Amino acid sequence: MTESRIRPIVMPKWGLSMSEGKVTGWLMKLGATVKVGDELLEVETEKIASVVEAGDQGTLRRIIGEPQTVYPVKALLGVLADDEASDSEIDAYVASYVTPAAAEEEEEAGPQYLVAELPSGTVRYAKRGEGDAAIVLIHGLGGDLDNWLFNIDALAKRASVYALDLPGHGQSSKTIADPTLRGLARALIQFMDEVGIEDAHLVGHSLGGAIAMQTALDAPDRVRSLALIGSAGLGPEINSGYIDAFVTAGSRRELKPVLQHLFAKKELVSRQLVDDVLKYKRLDGVDEALRKLTSSLFTGGRQQALPGAVLRDADIPIMVIWGEDDEIIPAKHAATLIGKARTHVIAGAGHMVQMEAANAVNALLEEHVGAGR
Amino acid sequence: MARKISMKDAINEAIDLEMRRDPTVILMGEDVVGGTGSPGEADAWGGVLGVTKGLYAKHGKRLMDTPLSESAYVGAAIGAAACGMRPIAELMFIDFMGVCFDEIFNQAAKFKYMFGGKAQTPVVIRTMVGAGFRAAAQHSQMLTPIFTHIPGLKVVCPSNAYDAKGLLIQSIRDNDPVIFCEHKNLYAHESDVPAEAYTIPFGEANVVREGKDATIVAYGLMVHKALEAAEALAKEKVAVDVIDLRTLSPIDWDTVIESVENTGRLVVVDEAHPRCSIATDVAAYVGQNAFGALRAGAQMVTAPHTPVPFSPALEDLYIPSSGAIVAAVRRTLASGEGAGGHRKAS
Numbered sequence: 001m002t003e004s005r006i007r008p009i010v011m012p013k014w015g016l017s018m019s020e021g022k023v024t025g026w027l028m029k030l031g032a033t034v035k036v037g038d039e040l041l042e043v044e045t046e047k048i049a050s051v052v053e054a055g056d057q058g059t060l061r062r063i064i065g066e067p068q069t070v071y072p073v074k075a076l077l078g079v080l081a082d083d084e085a086s087d088s089e090i091d092a093y094v095a096s097y098v099t100p101a102a103a104e105e106e107e108e109a110g111p112q113y114l115v116a117e118l119p120s121g122t123v124r125y126a127k128r129g130e131g132d133a134a135i136v137l138i139h140g141l142g143g144d145l146d147n148w149l150f151n152i153d154a155l156a157k158r159a160s161v162y163a164l165d166l167p168g169h170g171q172s173s174k175t176i177a178d179p180t181l182r183g184l185a186r187a188l189i190q191f192m193d194e195v196g197i198e199d200a201h202l203v204g205h206s207l208g209g210a211i212a213m214q215t216a217l218d219a220p221d222r223v224r225s226l227a228l229i230g231s232a233g234l235g236p237e238i239n240s241g242y243i244d245a246f247v248t249a250g251s252r253r254e255l256k257p258v259l260q261h262l263f264a265k266k267e268l269v270s271r272q273l274v275d276d277v278l279k280y281k282r283l284d285g286v287d288e289a290l291r292k293l294t295s296s297l298f299t300g301g302r303q304q305a306l307p308g309a310v311l312r313d314a315d316i317p318i319m320v321i322w323g324e325d326d327e328i329i330p331a332k333h334a335a336t337l338i339g340k341a342r343t344h345v346i347a348g349a350g351h352m353v354q355m356e357a358a359n360a361v362n363a364l365l366e367e368h369v370g371a372g373r
Numbered sequence: 001m002a003r004k005i006s007m008k009d010a011i012n013e014a015i016d017l018e019m020r021r022d023p024t025v026i027l028m029g030e031d032v033v034g035g036t037g038s039p040g041e042a043d044a045w046g047g048v049l050g051v052t053k054g055l056y057a058k059h060g061k062r063l064m065d066t067p068l069s070e071s072a073y074v075g076a077a078i079g080a081a082a083c084g085m086r087p088i089a090e091l092m093f094i095d096f097m098g099v100c101f102d103e104i105f106n107q108a109a110k111f112k113y114m115f116g117g118k119a120q121t122p123v124v125i126r127t128m129v130g131a132g133f134r135a136a137a138q139h140s141q142m143l144t145p146i147f148t149h150i151p152g153l154k155v156v157c158p159s160n161a162y163d164a165k166g167l168l169i170q171s172i173r174d175n176d177p178v179i180f181c182e183h184k185n186l187y188a189h190e191s192d193v194p195a196e197a198y199t200i201p202f203g204e205a206n207v208v209r210e211g212k213d214a215t216i217v218a219y220g221l222m223v224h225k226a227l228e229a230a231e232a233l234a235k236e237k238v239a240v241d242v243i244d245l246r247t248l249s250p251i252d253w254d255t256v257i258e259s260v261e262n263t264g265r266l267v268v269v270d271e272a273h274p275r276c277s278i279a280t281d282v283a284a285y286v287g288q289n290a291f292g293a294l295r296a297g298a299q300m301v302t303a304p305h306t307p308v309p310f311s312p313a314l315e316d317l318y319i320p321s322s323g324a325i326v327a328a329v330r331r332t333l334a335s336g337e338g339a340g341g342h343r344k345a346s
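These protein sequence lines map, in sequence, to chains S and X. Residue numbers 1 to 373, in my numbering, belong to the letters of the first sequence in order. Residue numbers 1 to 346, in my numbering, belong to the letters of the second sequence in order.
Source of the hints: derived by calculation from the structure; they are not laboratory data. Treat the hints loosely; a few may be bogus.
As the list claims (entries may be wrong) - Think about it this way: if two alpha-carbon atoms lie no more than 27 Å apart in a straight line, the pair counts; the simulated DSSO-like pairs of lysine-lysine are:
1. S:Lys279 <-> X:Lys237
2. S:Lys266 <-> X:Lys118
3. S:Lys265 <-> X:Lys58
4. X:Lys212 <-> S:Lys256
5. X:Lys212 <-> S:Lys279
6. S:Lys22 <-> X:Lys4
7. S:Lys47 <-> X:Lys237
8. S:Lys266 <-> X:Lys237
9. X:Lys237 <-> S:Lys29
10. S:Lys22 <-> X:Lys237
11. X:Lys58 <-> S:Lys47
12. S:Lys74 <-> X:Lys4
13. S:Lys47 <-> X:Lys235
14. S:Lys29 <-> S:Lys265
15. S:Lys279 <-> S:Lys29
16. X:Lys58 <-> S:Lys22
17. X:Lys4 <-> X:Lys58
18. X:Lys235 <-> S:Lys22
19. S:Lys74 <-> S:Lys22
20. X:Lys4 <-> S:Lys281
21. X:Lys212 <-> S:Lys47
Unchecked claim - A short list of chain S residues far from chain X (calculated; beta carbon distances all over 10 Å):
22. Glu39
23. Val51
24. Ala116
25. Gln190
26. Ile197
27. Glu198
28. Ser251
29. Asp284
30. Val310
None of the values given here were measured: they were computed from a predicted structure. Every residue, glycine too, gets a C-beta built ideally from N, C-alpha and C.
Throw the hints in and build the complete structure from the sequences for me.
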């Protein structure tokens with residue numbers, strides 16, 4: 001089949017609200033040999049700039065996306081093909097390519113955001129995919145479900161993926177009934193009850209990782225596996241300077257250098273990203289929620305709850321993923337569960353490794369969830 | 001939930017949320033309820049353009065229709081504020097403010113100072129500003145500079161729905177008198193607005209677009225004209241910073257100076273008249289405090305020194321246009337040090 005030898009490079013969809021993106025430049029030359037995971041081109045959206053990595057291998061036979069030009073999601077930006085594919089076959093492929101309309105996509109995917117009413121308040125979440133296995137994505141302190149914008153759709157190919165805004169975060173209620181790890185784990189279990197998830201693979205980033213571990217300890221029958229990304233709860237150290245500055249920063253000028261600690265590639269912290277975090281921080285109740293959480297969880301600049309140590313004896317598959325240049329929680333904590341968990345430290349990425357090295361993290365998560373099924 | 005709503009609805013929502021949160025928040029003005037006393041019509045109007053529509057049904061007697069006497073009810077609101085309430089007085093058009101200057105300038109703005117800090121006046125005076133509504137010379141002015149001139153008053157002029165909601169909530173919670181200026185031609189403008197309450201601090205300008213070649217400072221409707229101009233200039237490979245001041249008193253000098261230090265060129269856009277305006281204020285401040293950063297003289301784009309014309313054709317000419325802003329940016333790029341877009345290597 002010709003089609004199988006010709007593969008499109010399309011404008012990715014990063015996050016639920018992305019409808020278009022701007023090509024800022026190609027990192028591969030026409031005719032280059034491309035391996036899976038190679039960096040092909042750079043794309044910028046309102047929210048973030050990132051690199052499109054190759055999902056297939058082949059020769060880069062066509063470059064269609066022009067730099068500094070905006071394209072809709074799924075628009076054809078380039079073509080990868082084996083050398084056997086003829087130029088006329090490729091031209092025919094390009095000519096017949098139709099960008100799927102955004103409206104159809106939306107209908108297919110259902111509503112962007114959903115809401116669950118829990119005893120402790122309202123929780124906003126997104127659901128993608130229809131697979132039998134459930135995956136729940138749990139963001140970290142000060143984050144929201146959009147922290148998974150590069151991951152949620154990739155994972156949804158074979159599972160039902162849920163990403164929630166934790167209490168006090170995103171567009172969930174800003175009141176936090178119980179700011180301890182146990183309290184947050186209880187909120188997660190209530191969420192799973194409410195939306196009808198019997199058991200799930202929990203994927204937690206940072207504080208979300210600690211919540212996932214606590215949930216596995218408190219409700220082991222609800223947790224099929226754990227994937228811990230730059231996770232809290234595996235050692236006492238944490239960058240308390242970052243935590244304090246994140247909580248107190250009140251302006252764009254103050255916040256930008258703080259957020260840069262989250263990434264190895266500092267230029268990823270765009271104006272829009274800073275603005276979005278600032279808009280969140282200015283909602284009524286957020287300041288109090290963040291102060292409550294940090295004073296309960298990180299008293300004296302140390303992580304107070306370390307569920308990781310207890311998990312060593314638990315009968316549950318665990319994967320640990322870290323960005324080597326993590327400036328918030330040191331990558332050495334990845335060693336805490338060595339022997340028990342499969343551990344991957346990714347070079348060139350910081351605390352937000354699931355964003356900075358999205359393809360690598362997605363591949364690891366798919367493998368992990370597949371194995372734990 | 002973030003959703004797109006109009007600036008008019010964002011203002012309504014801000015008042016509603018603050019009335020729920022704080023029982024001392026009250027609203028008074030001409031027709032803010034509309035038709036009180038006429039059976040079945042109690043919530044008919046909601047102000048001259050319907051901004052407060054629906055609030056009477058939710059908050060009843062905390063909204064009050066007043067007689068057509070601005071000096072009386074603005075004075076009443078200021079007095080109530082000094083006695084512990086947080087009143088919002090809606091004064092249809094800023095053009096009518098003249099009849100209550102004593103209450104605003106000589107009372108509200110002075111209480112804290114005259115009583116040694118023992119009195120505070122948490123009043124918000126909401127009012128419509130700006131031209132382009134075919135409402136003639138007495139209903140179309142941009143009188144923001146007059147209020148900005150007076151110490152003791154805070155002056156706010158949002159450019160979009162998100163800012164309007166956060167700045168109005170901040171205004172209501174603020175303990176000083178605030179003149180909250182709503183551009184009538186922005187009421188229908190929509191942006192993403194969270195349903196929850198939030199505040200935007202005073203004295204924080206918003207950099208709405210970034211560029212290295214020149215700085216455009218604007219507020220209110222002029223932010224949109226500046227963005228149109230920036231879009232046109234981008235086609236000529238000229239990249240500009242566009243700064244939305246958001247609040248005129250206090251004003252965020254740091255952001256303006258920081259930008260001019262990067263670009264070396266300044267264009268200030270103001271829908272007010274050219275003399276003693278926000279434009280002259282910003283140009284003078286930068287000239288005095290960042291002269292060394294300027295590569296060329298500051299340019300001002302303002303309305304002319306005339307009343308707002310009633311003739312639609314003339315009114316359209318009166319309002320500073322994006323074309324006039326583009327021309328001003330070109331003027332500053334063509335003059336002074338490194339003119340013609342070629343920077344001197346330094």
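Here's how the hints hold up against the structure:
{"no.": "1", "hint": "S:Lys279 <-> X:Lys237", "verdict": "violated, 31 Å"}
{"no.": "2", "hint": "S:Lys266 <-> X:Lys118", "verdict": "violated, 48 Å"}
{"no.": "3", "hint": "S:Lys265 <-> X:Lys58", "verdict": "violated, 50 Å"}
{"no.": "4", "hint": "X:Lys212 <-> S:Lys256", "verdict": "holds, 19 Å"}
{"no.": "5", "hint": "X:Lys212 <-> S:Lys279", "verdict": "holds, 26 Å"}
{"no.": "6", "hint": "S:Lys22 <-> X:Lys4", "verdict": "holds, 23 Å"}
{"no.": "7", "hint": "S:Lys47 <-> X:Lys237", "verdict": "holds, 23 Å"}
{"no.": "8", "hint": "S:Lys266 <-> X:Lys237", "verdict": "holds, 26 Å"}
{"no.": "9", "hint": "X:Lys237 <-> S:Lys29", "verdict": "holds, 26 Å"}
{"no.": "10", "hint": "S:Lys22 <-> X:Lys237", "verdict": "holds, 17 Å"}
{"no.": "11", "hint": "X:Lys58 <-> S:Lys47", "verdict": "violated, 37 Å"}
{"no.": "12", "hint": "S:Lys74 <-> X:Lys4", "verdict": "holds, 25 Å"}
{"no.": "13", "hint": "S:Lys47 <-> X:Lys235", "verdict": "holds, 23 Å"}
{"no.": "14", "hint": "S:Lys29 <-> S:Lys265", "verdict": "holds, 23 Å"}
{"no.": "15", "hint": "S:Lys279 <-> S:Lys29", "verdict": "violated, 40 Å"}
{"no.": "16", "hint": "X:Lys58 <-> S:Lys22", "verdict": "violated, 45 Å"}
{"no.": "17", "hint": "X:Lys4 <-> X:Lys58", "verdict": "holds, 23 Å"}
{"no.": "18", "hint": "X:Lys235 <-> S:Lys22", "verdict": "holds, 16 Å"}
{"no.": "19", "hint": "S:Lys74 <-> S:Lys22", "verdict": "holds, 12 Å"}
{"no.": "20", "hint": "X:Lys4 <-> S:Lys281", "verdict": "holds, 20 Å"}
{"no.": "21", "hint": "X:Lys212 <-> S:Lys47", "verdict": "holds, 21 Å"}
{"no.": "22", "hint": "Glu39", "verdict": "holds, 25 Å"}
{"no.": "23", "hint": "Val51", "verdict": "holds, 22 Å"}
{"no.": "24", "hint": "Ala116", "verdict": "holds, 13 Å"}
{"no.": "25", "hint": "Gln190", "verdict": "holds, 21 Å"}
{"no.": "26", "hint": "Ile197", "verdict": "holds, 22 Å"}
{"no.": "27", "hint": "Glu198", "verdict": "holds, 28 Å"}
{"no.": "28", "hint": "Ser251", "verdict": "violated, 6 Å"}
{"no.": "29", "hint": "Asp284", "verdict": "violated, 4 Å"}
{"no.": "30", "hint": "Val310", "verdict": "holds, 37 Å"}
Checked against the numbered hints above, the structure violates hints 1, 2, 3, 11, 15, 16, 28 and 29; every other hint is satisfied.
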